[in-house]
Structures are given as structure tokens and as C-alpha cells.
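I would like the entire structure built from these sequences, with the hints used as guidance.
Spelled out, the chains give:
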Amino acid sequence: MTDVSQARKQSSPSARGEGFDLAKLLLEGRAFFALIVIIVVFSILSPYYLSVANFLTMASHVAIFGILAVGMLLVILNGGIDLSVGSTLGLAGVVAGFLMQGVTLTWLGVVLYPPVWVVAVIACMLGAGVGLINGVLIARFKVPAFVATLGVMYMARGLALLMTSGLTYNNLGGKPELGNTGFDALGFNRLFGVPTGVVVLAVIALIGSIVLNRTAFGRWLYASGGNERAAELSGVPVKTVQVSVYVLSGICAAIAGLILSSQLTSAGPTAGTTYELTAIAAVVIGGAALTGGRGNIRGTLLGAFVIGFLSDGLVIIGISSYWQTVFTGAVIVLAVLLNAVQYRRRSKLPSSTGGQPTSQQRGKAEPANPAQGKTAR
Amino acid sequence: MKPAAETAPATGDAVLSARNIVMSYGGVHALKGVNFDIHRGKVTTLFGENGAGKSTLMKILSGVVTPTSGDIVLDGNFVSFSSSSDARDRGISIIHQELSLAPNLSVRDNIFMGRELRTRTGLDFAEESRQARALMADLEEDIDPMTLVEDLRLGQQQIVEIARALSVDSRILIMDEPTSALSATEVEVLFKVIRDLTSRGVSIVYISHHLEEALQITDYAVVLRDGAITATAEARDIDLEWIVRNMVGENFDLGSPPTGHEFGEVALSIEDVSVIDASGSGYSVVDHLSLDVRAGEIVCIYGLMGAGRTELLEAVAGRMPMAGGRALLEGEDVSRLSIAQRIAKGLVLVPEDRQRDGLVQTMTVGRNLSLASIEAFAKGLFLSRSRERELVEDSIRKVTVKTAGGNAMIGSLSGGNQQKVVIGKMLTTNPKVILLDEPSRGIDVGAKAEVFRLLSERAAQGLAVVFSTSEVNECLSIAHRIVVMRRGRISAEFGASATKEQIMAASGEAVVA
Numbered sequence: 001m002t003d004v005s006q007a008r009k010q011s012s013p014s015a016r017g018e019g020f021d022l023a024k025l026l027l028e029g030r031a032f033f034a035l036i037v038i039i040v041v042f043s044i045l046s047p048y049y050l051s052v053a054n055f056l057t058m059a060s061h062v063a064i065f066g067i068l069a070v071g072m073l074l075v076i077l078n079g080g081i082d083l084s085v086g087s088t089l090g091l092a093g094v095v096a097g098f099l100m101q102g103v104t105l106t107w108l109g110v111v112l113y114p115p116v117w118v119v120a121v122i123a124c125m126l127g128a129g130v131g132l133i134n135g136v137l138i139a140r141f142k143v144p145a146f147v148a149t150l151g152v153m154y155m156a157r158g159l160a161l162l163m164t165s166g167l168t169y170n171n172l173g174g175k176p177e178l179g180n181t182g183f184d185a186l187g188f189n190r191l192f193g194v195p196t197g198v199v200v201l202a203v204i205a206l207i208g209s210i211v212l213n214r215t216a217f218g219r220w221l222y223a224s225g226g227n228e229r230a231a232e233l234s235g236v237p238v239k240t241v242q243v244s245v246y247v248l249s250g251i252c253a254a255i256a257g258l259i260l261s262s263q264l265t266s267a268g269p270t271a272g273t274t275y276e277l278t279a280i281a282a283v284v285i286g287g288a289a290l291t292g293g294r295g296n297i298r299g300t301l302l303g304a305f306v307i308g309f310l311s312d313g314l315v316i317i318g319i320s321s322y323w324q325t326v327f328t329g330a331v332i333v334l335a336v337l338l339n340a341v342q343y344r345r346r347s348k349l350p351s352s353t354g355g356q357p358t359s360q361q362r363g364k365a366e367p368a369n370p371a372q373g374k375t376a377r
Numbered sequence: 001m002k003p004a005a006e007t008a009p010a011t012g013d014a015v016l017s018a019r020n021i022v023m024s025y026g027g028v029h030a031l032k033g034v035n036f037d038i039h040r041g042k043v044t045t046l047f048g049e050n051g052a053g054k055s056t057l058m059k060i061l062s063g064v065v066t067p068t069s070g071d072i073v074l075d076g077n078f079v080s081f082s083s084s085s086d087a088r089d090r091g092i093s094i095i096h097q098e099l100s101l102a103p104n105l106s107v108r109d110n111i112f113m114g115r116e117l118r119t120r121t122g123l124d125f126a127e128e129s130r131q132a133r134a135l136m137a138d139l140e141e142d143i144d145p146m147t148l149v150e151d152l153r154l155g156q157q158q159i160v161e162i163a164r165a166l167s168v169d170s171r172i173l174i175m176d177e178p179t180s181a182l183s184a185t186e187v188e189v190l191f192k193v194i195r196d197l198t199s200r201g202v203s204i205v206y207i208s209h210h211l212e213e214a215l216q217i218t219d220y221a222v223v224l225r226d227g228a229i230t231a232t233a234e235a236r237d238i239d240l241e242w243i244v245r246n247m248v249g250e251n252f253d254l255g256s257p258p259t260g261h262e263f264g265e266v267a268l269s270i271e272d273v274s275v276i277d278a279s280g281s282g283y284s285v286v287d288h289l290s291l292d293v294r295a296g297e298i299v300c301i302y303g304l305m306g307a308g309r310t311e312l313l314e315a316v317a318g319r320m321p322m323a324g325g326r327a328l329l330e331g332e333d334v335s336r337l338s339i340a341q342r343i344a345k346g347l348v349l350v351p352e353d354r355q356r357d358g359l360v361q362t363m364t365v366g367r368n369l370s371l372a373s374i375e376a377f378a379k380g381l382f383l384s385r386s387r388e389r390e391l392v393e394d395s396i397r398k399v400t401v402k403t404a405g406g407n408a409m410i411g412s413l414s415g416g417n418q419q420k421v422v423i424g425k426m427l428t429t430n431p432k433v434i435l436l437d438e439p440s441r442g443i444d445v446g447a448k449a450e451v452f453r454l455l456s457e458r459a460a461q462g463l464a465v466v467f468s469t470s471e472v473n474e475c476l477s478i479a480h481r482i483v484v485m486r487r488g489r490i491s492a493e494f495g496a497s498a499t500k501e502q503i504m505a506a507s508g509e510a511v512v513a
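These protein sequence lines map, in sequence, to chains A and B.
Residue 85 in UniProt numbering sits at position 85 of the first sequence; the count goes up by one each step and never skips.
Residue 399 in UniProt numbering sits at position 399 of the second sequence; the count goes up by one each step and never skips.
Please keep in mind that the hints were generated in silico from the structure rather than gathered at the bench.
Quick reminder that beta carbons are idealized off the backbone N, C-alpha and C, glycines included.
Honestly, I wouldn't trust all of these hints.
[As the list claims (entries may be wrong)] Now the in silico label distances, taken between C-beta atoms and shown as ranges:
| hint | chain 1 | residue 1 | chain 2 | residue 2 | range |
| --- | --- | --- | --- | --- | --- |
| 1 | B | S386 | A | A202 | 23 to 31 Å |
| 2 | B | P321 | A | A340 | 37 to 45 Å |
| 3 | B | K398 | A | I207 | 33 to 41 Å |
| 4 | A | S43 | B | E375 | 19 to 27 Å |
| 5 | B | E375 | A | A185 | 36 to 44 Å |
| 6 | A | Q324 | B | L99 | 35 to 43 Å |
[To be verified] Some chain B residues flagged as far from chain A (calculated, every beta-carbon gap over 10 Å):
| hint | residue |
| --- | --- |
| 7 | H96 |
| 8 | T119 |
| 9 | S129 |
| 10 | R200 |
| 11 | S274 |
| 12 | S338 |
| 13 | D357 |
| 14 | Q361 |
| 15 | R367 |
| 16 | E375 |
| 17 | A378 |
| 18 | R387 |
| 19 | N430 |
| 20 | H480 |
| 21 | K500 |
If you want it as C-alpha cells, here you go:
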């Protein structure tokens, strides 16, 4: 039934592909070009935009979203979504703030002041715990990811508000005599002039990139996100992978929470509200498909920088925050639109680096999954 | 629509005709220039094996899909249907092979779905209920119109599907496998309804795998094979043997059982395995089945749709739970192990639906091929790219995948080559037993032969091979032993020298005198 020659003809680059090289380049590198355009435009509009100092300031803002987005990318690659990261960020910050005030053990009559590294580890474990709840709900009890993480989002936010009665911990500095100073390092210290938050983002991105590209876990993640049933039949531990991505996303959220409260020198229970949406936007702008299996760290980082540099630029040139919201939304819509365009081109030109299944099989199979797009890995 | 007067062809007593219909899905030609007539007021049966193109042709005639090229002639005029409701408005309706009911709605709502009866202010539920009840009475089925479809058993759901098609007063009614879930009594009633309809001038197209049954009811027989019509005759001039001969055709050489090697010990032992239907009806799709396969042996499992082949293979591979019994791999019970553990022990499955269960479409050919054997190229925590490349290249060579290379996207391959990737992926794990569920589904005959040649080579090296098929020709190729499944049990076992008629008789498809 298969006519191989016909299939060949289809898969050879068609003539119209040739003239479209520039368009193709622009399309595939769209997040990168968007970033360049943003930098150029704002540099023209404002004399303060194009400077090392401003870039470092903006980068430390981006760090928060970038770290959340890397965790979110793992979840989205798996075909899921994690709406709880913003609340987890807030909860982790509040718990860190609480620990920095000292833990009073009434029955022993002592007050414990854990050192900063212990605080950080506990906050990360808390993030992992929240992620574990998400993962178990989704993988074990088959709760849809959207609903499970929505519920956990509310619970984490509520807990953060309960812990502080809605107030904010302002005293995070610690005292030298108690040995718990150094919390502000995450927000203010610089390594070779680069803010710690940006360094942490770089490290997390590097680890993420290695995990995705060079380890069995990364391969399992791409496979189970692309087709869970096929992955399972190939011996991939799909449940373990699914739980792991939510745990990792929770840890990323906790790290972001530590950095944010250090930058702000305060830990408030409402910190990180709606940050999960910004993280999802960064991942989508970075070319990942919400249907899973397509996306990479590089794109996601670019997506985070596009959002961060855009909104900071709008602040610098003095546009009202209401307009900022409109612009950010427009960029997201445009990104998703381009993802869809890229997907359509891919299915027409299967010879390019990526491609959807061509229609050859559709006679037999269910309609192909309309994955929305991808970035070349 | 072309002007009727100038080009209308002579179509005799045909009410609806297909002329030179070609249907291509990408590179696959499902239909290659088919001419097909539906005779007015008669039953025309379309015979053909799975994948011959029967359902595709029916979807074209009922407006569900538009053909790549070719004409449809209705009452002597060229027509083209924009949608299935367009075709329905012209009096053509279809009962699909796969049920297309909304399980969450009632029988009444399903029957009137998309063409609800209206009053001035809303829906005329009373009239809908009355008509639904009348249809159920015609079909001698005691179903309340308000029953939810999900609460009906499969056969009753099929009755609802039939009732829906009857409710529109069609002139032409296409029935694609209407009886596959019906009991003998229900089939009798359906046949009575069909005779009643034809006597009122309705033209019927009938498709069934139950050849004898179809021969009882039909007036005309048309045989489709590999997307082309191979024979047409009036029912009174033909017999079952004629149908089988034309359906199956001349044997394309798919190989013969490999010889010259001794079978080893029993590699796979299926002991008293039962599998309960996944939809929760409590029905045993596999019913206390036992089967031994020895190393180096190739066993073919033949059976009709719903015989339990897929469920058996998936239960043995760990995809579906066993309700009873166990599976032993070289004497070791693997029934409690995960799929991954079974793969590690050497028991692998090539699933039936390669798009849904076999391939990861977002990955390259190479990554698909290496997916099941990641441990083989892992160095500590990390994957060795060079070792993976070697493994992939070796695999592409061994299973003869025609591809630009390991980095090509899986979607750029033809169906046959995609199937080779799925098989290659499992063979790369060096299994002891390979189960293949309809490995030839949707691939061309050349690729089929290559797949079988590959399997017989591996069998000669000691691999135990179990493959299932619904095409008789394939049983009579490389299999040393043919096991026929019927209603979850083994109904017969044959050696390689069995005849097509014997095999088909044992499956319940045809009892050839």
C-alpha cells in the first residue's frame, strides 16, 4: 500500500523551501531576534538602557523568572503544567524568613538560629515536598496536572499567609554572634561583578541542559513527553519521570524564592503571585510545545530574557504598568502564533531539522497530535 | 458540480457509483482507481481483507472524506459531498465500523444528534422519544430511549448506531461491519430489517468479515484487494471459495518458515492466562489460554477482530493486567514484573498501533531506535554519544531502514520503514522472545516481506517469535505453527502446511464445506 517513491518526493526539500531561508532563520531563531530587537529599540529610546549596570540589574530580575522557567520547562516537556510554582516560591521565602528569626523550642526553652545554608536546604526540601505532592497526585492518582497544581497553588499560598498572618518578615540579615548571617548574599553579592542570582540561574541552566541532553533521564523525559504510551512500552519508567519533573520544578521554585526574598531583603507571603504564568510564557516564547516533547533550555532562557528585558525596558522609558501588561500579553500571543506557524511549515517540509509525522500514516492512525511547534534541539 | 447533461455516464441500475476513485494519504495509496456501483434497491457487499481500503471507500461515498481524485455519480449526476451531513441530506447515511456515539448522552439524544427536532421554543423531546421508541421496536430491541449509551452493552450500542442511520429515511445505507458485536438473534433481526428496507427501494452497502453471513444477505458481491477492485459478481453465481480466492489473491511470497535450525527449550510459556475487557464489562477477552513457544520457533496467532489477540500479547508483555494465569520466560515467572523489567529479561512487544504506541513522533529515527536500550550506551550518569551512534547505525543496517540517517525525523519515513524502526528498537535490546501485534498493519507488501525475512533470520539465531495477524496469507508465510484464536480461546492449531480455508474456518470467519 505504501508508495515509497511518493513518500520520497514529499520528504525532499521542495523548491519553495529555498527562497524562504531568511524567513526560516527568523522563525527558528525568533526568540533570539526578538531579544535583539528589544535591546536595540530600548537603547534608542532611552540612554540608560544600554549599559552594563542596567543589564546586570535586568539580568538579576530575569534570574527569578529564568529559574522558575527552567523548572517549568521540565514539566512542560513532560506534557504537564505546574501552576503552583509562584506560591511555592512565596512559601519557601516565608519559611526561610521564619527560620531566620530563630525557631523557639518552648519545651527546651531554647531558640535555634540555623545557619543560612541549613535554611536554604530546608527551603529547597520544602519545594521538593510541594513538587512531590503535585507529582504523586498527577502520576499516581491521575489528577489532571492543571487541576492538581491549581489546588496546590492555593494551599501553598494559604499556608504562607497562615504562617505570617499576612505580614512580612523584614529582618533577614541575621546576627554575626548567632552565626546566621549571609542571607543577603543571594541577592546582593556578586561573582566577578555578576549578581549571585544570575550565577545561580546559569548553573541551573547548565545542569538542566546537561541533564536533558546527556543523561538517560533527559532522554526519558523527551520520550515520555512525546508519546507516553510508546515510552512505557520501551521500558521507560514514565511514572518516575513524571513525579521527578514536578519535584525538580518545586526545587527551582524554592531557589527562586530564596533569591527573591534576599533581593528584596524581606519575605512576604504574597511574593511570586502570578509568577507561574510568567514562567509558562517564557517557556512558550522559547518555542516549547505545551503538548510535550519539544523544547530546550536555550529557548526557555531566551524567553525569560525577552520578557524580563521587555518589561524592564518599558519601565525605563516610563510607560505605565498597565501598558506593560498589554505589551507582555501581545508578545506571548505572538510567540504562540509563531509556534503554530512553525509547526505548519514543519509538516510541509519534513526535511528540515524537525518535523511532525507527515500525513503518510493518517489513513491508519488516529489524527496526528497537533503539537504546536518546536525549537531545533 | 459539473453540468449533468454533458458528462453524465451510463451507470445502469446503479444509484450511486464511484468512478476512478484514488485516495492517497501522503505516500500511501489506499485506493487506486476504484469503480464501484451501488445497485438500486439491492444489497451490495464489499469484501476484502483488513487494509484493503473498504472503509476508506465507504467514507468517500458517504462524504466523510474527499477523494484525491475521481468522481462520484449519484442518480446519473456528478456530485461532490462537502461533508457527511451534505451526503446525509442527499439520502446517504453510514453506520461506521467504529461506533460514533456519545456515551454520556441518552439513546434518544444520540439518534437525533446534529439534527434535533425543534419546536418553536426549543427541542421537541416528546417527538424524538416517540420516534426513538418506534425505531427500537422495529429493531426488536427493548431499550428505553432515555438510557445512557454508556450503560448499554456493545451489541446494543451497535443497534443504536443502526437506529440512528435508519432514522433519517436514507435511500442509500452503508453498513460497515454492522454485526461484529451482535448476537445471532440480533443479526437475524438486522437481516429482516435489511430485507424490509430493500423491498422499500433502499439500497444497501454491506461490509462484513463474516463471509457466510454476508453471502446470505447480499445480492451483489464486490471484492477489494490492496485498494483495487479484483472481482464483481452476482451473489447467485458465487460461493465462499470464490470470495476467499479473490480476497486473498495470488500469494505474494512472504517467505517460508526458516529451516535448518533446531528449536531450543521452551522460551515463553503462557499458562492459563485470562484477561478481562478493559472497558469494565467484566467480559473475558482472553479466556484461560495456554501456549508454549520454543526458542527459534515462529508462531502466528490468527483471529478476527475482537478475538483477543491484542489483549493476550499486551498482557504477556505487561501492558494489561492478567486476571488469571501467568507467563513464564525460560521457566521464570514474569507476570509480576514491570514492562521495563520484562524488557530487561528479554521479553518485548511490538505494539499494534505504531503511531499511538510505537513511535515518539517528536524524536529522531536514531533516538527512537535507541529508546529501549539506553543502558547499553550509558557511561555512568551520562550517555555516550559515540556508542549511541554506533548502536543506531548498526540497528539501521540490520533492520534495513531506508532513511537519510539517525538524525532524520521519524515522520519523514514511510510506514514500512517506521515499522522497521519500532521492530529494530525492540530487537536492539537483544530479546529472547519478541511478540509482534499485527506487524504488517498498514505497510506495503515489499516492506512486509522484509519484516518477515528479518524475523525468520532472528528466529534461526534462536529468537522465539510470536506474531498476530488478521491476514491469512501472512500465517502461511514464515510461521512454523499457526494458532487460531476465537473468542479468547485457541480454537485450532495447525502446522505450516495448513490451508487458508482451514484457518479461516477455525476463526469463525467462514465455514467452507
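Outcome of the hint check:
1. B:S386 <-> A:A202: 23 to 31 Å: With a Cβ separation near 28 Å, S386 of chain B and A202 of chain A satisfy 23 to 31 Å, so the hint holds.
2. B:P321 <-> A:A340: 37 to 45 Å: This hint holds: roughly 40 Å between Cβ atoms.
3. B:K398 <-> A:I207: 33 to 41 Å: This hint holds: roughly 36 Å between Cβ atoms.
4. A:S43 <-> B:E375: 19 to 27 Å: violated, 51 Å
5. B:E375 <-> A:A185: 36 to 44 Å: Once the Cβ atoms are compared, 41 Å apart, the range 36 to 44 Å for A185 of chain A and E375 of chain B holds.
6. A:Q324 <-> B:L99: 35 to 43 Å: Since Q324 of chain A and L99 of chain B have Cβ atoms about 52 Å apart, the given range 35 to 43 Å is violated.
7. H96: holds, 14 Å
8. T119: Holds: least Cβ distance 37 Å, greater than 10 Å.
9. S129: holds, 34 Å
10. R200: holds, 35 Å
11. S274: Non-interface label stands for S274 of chain B: nearest chain A Cβ at 22 Å, farther than 10 Å.
12. S338: violated, 8 Å
13. D357: violated, 5 Å
14. Q361: Q361 of chain B is in fact no farther than 10 Å from some Cβ atom of chain A, at 5 Å.
15. R367: Violated, since 7 Å does not exceed 10 Å.
16. E375: Violated, since 8 Å does not exceed 10 Å.
17. A378: violated, 5 Å
18. R387: holds, 12 Å
19. N430: Non-interface label on N430 of chain B holds, nearest chain A Cβ at 13 Å vs cutoff 10 Å.
20. H480: Non-interface label stands for H480 of chain B: nearest chain A Cβ at 26 Å, farther than 10 Å.
21. K500: Holds: least Cβ distance 21 Å, greater than 10 Å.
In summary, the structure is inconsistent with hints 4, 6, 12, 13, 14, 15, 16 and 17 from the numbered list given earlier, while agreeing with the others.
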